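J.: Got chain L sorted already, so can you dock chain Y onto it with the hints?
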Amino acid sequence: EAAVTQSPRNKVAVTGGKVTLSCNQTNNHNNMYWYRQDTGHGLRLIHYSYGAGSTEKGDIPDGYKASRPSQENFSLILELATPSQTSVYFCASGDAAPAWGIDTQYFGPGTRLLVL
Amino acid sequence: AQSVTQPDARVTVSEGASLQLRCKYSYSATPYLFWYVQYPRQGLQLLLKYYSGDPVVQGVNSFEAEFSKSNSSFHLQKASVHWSDSAVYFCALSIFGGSALGRLHFGAGTQLIVIP
Numbered sequence: 001e002a003a004v005t006q007s008p009r010n011k012v013a014v015t016g017g018k019v020t021l022s023c024n025q026t027n028n029h030n031n032m033y034w035y036r037q038d039t040g041h042g043l044r045l046i047h048y049s050y051g052a053g054s055t056e057k058g059d060i061p062d063g064y065k066a067s068r069p070s071q072e073n074f075s076l077i078l079e080l081a082t083p084s085q086t087s088v089y090f091c092a093s094g095d096a097a098p099a100w101g102i103d104t105q106y107f108g109p110g111t112r113l114l115v116l
Numbered sequence: 117a118q119s120v121t122q123p124d125a126r127v128t129v130s131e132g133a134s135l136q137l138r139c140k141y142s143y144s145a146t147p148y149l150f151w152y153v154q155y156p157r158q159g160l161q162l163l164l165k166y167y168s169g170d171p172v173v174q175g176v177n178s179f180e181a182e183f184s185k186s187n188s189s190f191h192l193q194k195a196s197v198h199w200s201d202s203a204v205y206f207c208a209l210s211i212f213g214g215s216a217l218g219r220l221h222f223g224a225g226t227q228l229i230v231i232p
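So the protein sequences, as listed, match chains L and Y.
If you're matching positions, the first sequence starts at 1 in the working numbering and goes up one per residue.
If you're matching positions, the second sequence starts at 117 in the working numbering and goes up one per residue.
Quick caveat, the hints were computed from the structure, so don't treat them as lab data.
Please note that a few of the clues may not be correct.
Simulated DEER-style distance windows between Cβ atoms [as the list claims (entries may be wrong)]: (1) Y/V176 / L/L80: 29 to 35 Å; (2) Y/A117 / L/R112: 45 to 51 Å; (3) L/H41 / Y/G169: 30 to 36 Å; (4) Y/E182 / L/S7: 24 to 30 Å; (5) L/S70 / Y/G169: 47 to 53 Å; (6) L/S67 / Y/Q158: 23 to 29 Å.
Selected chain L positions facing chain Y (Cβ under 8 Å, derived; list incomplete) [unchecked claim]: (7) H41; (8) Y48; (9) F107; (10) L114.
Here the structure is a predicted model, which means the values were calculated and not measured.
Glycine included, C-beta positions come from ideal geometry on N, C-alpha and C.
The shape of chain L in the complex, shown without the other chains:
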């Protein structure tokens, strides 16, 4: 099973500050995803990547940037954090080939972000 780790596990930020959430996976998966989880919404996709150097916008990308510098690492960046970005953020990885399209995703433990 894929090992996905996230750091930090908890973060308190101030409005207008910059926040970087990091994700690392050790099973050489091509695909990585960032979701946020809010009550009543399930998980919503923010950004995703099909490999090093690539990032794509998900359903709710506004206010977020992503970076995939290597196969193992995928970061989510909040340049100007706002209280509405208070949430739990999950990273996931998967190894499906794009031509097939089916990707069993393995999730990290989550990062709890509070923006004051």
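T.: Same frame as chain L, now just chain Y:
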């Protein structure tokens, strides 16, 4: 557009009773369907998945789910629940092809409470 609906935000059952968690999807073709479980303060773990073939799929920890194309449903079932099954359960779908291969669309989740 595709979507997933979990009509029950919370389900309470007694230990040893049977369980059904409901999931309805909206998609014009047959999607790929997943059930994930989230224990407190943890990431999501895959319970089972359906791609094609036998509409009843078996998962971990004696969970199973039945796909129904006519009802656009993918309900999760268990014959006898244990208190340790208390968690939040998410239904999700993925579609083949399109601009975002492999991405998951989640329902809002159902919190299962098992009373000892």
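J.: Are the hints correct? Go through all of them and say.
T.: Hint check results:
{"no.": "1", "hint": "Y/V176 / L/L80: 29 to 35 Å", "in the structure": "violated, 42 Å"}
{"no.": "2", "hint": "Y/A117 / L/R112: 45 to 51 Å", "in the structure": "violated, 30 Å"}
{"no.": "3", "hint": "L/H41 / Y/G169: 30 to 36 Å", "in the structure": "holds, 32 Å"}
{"no.": "4", "hint": "Y/E182 / L/S7: 24 to 30 Å", "in the structure": "violated, 39 Å"}
{"no.": "5", "hint": "L/S70 / Y/G169: 47 to 53 Å", "in the structure": "violated, 37 Å"}
{"no.": "6", "hint": "L/S67 / Y/Q158: 23 to 29 Å", "in the structure": "holds, 26 Å"}
{"no.": "7", "hint": "H41", "in the structure": "holds, 6 Å"}
{"no.": "8", "hint": "Y48", "in the structure": "holds, 6 Å"}
{"no.": "9", "hint": "F107", "in the structure": "holds, 4 Å"}
{"no.": "10", "hint": "L114", "in the structure": "violated, 15 Å"}
Hint violations for this structure: numbers 1, 2, 4, 5, 10, all remaining hints satisfied.
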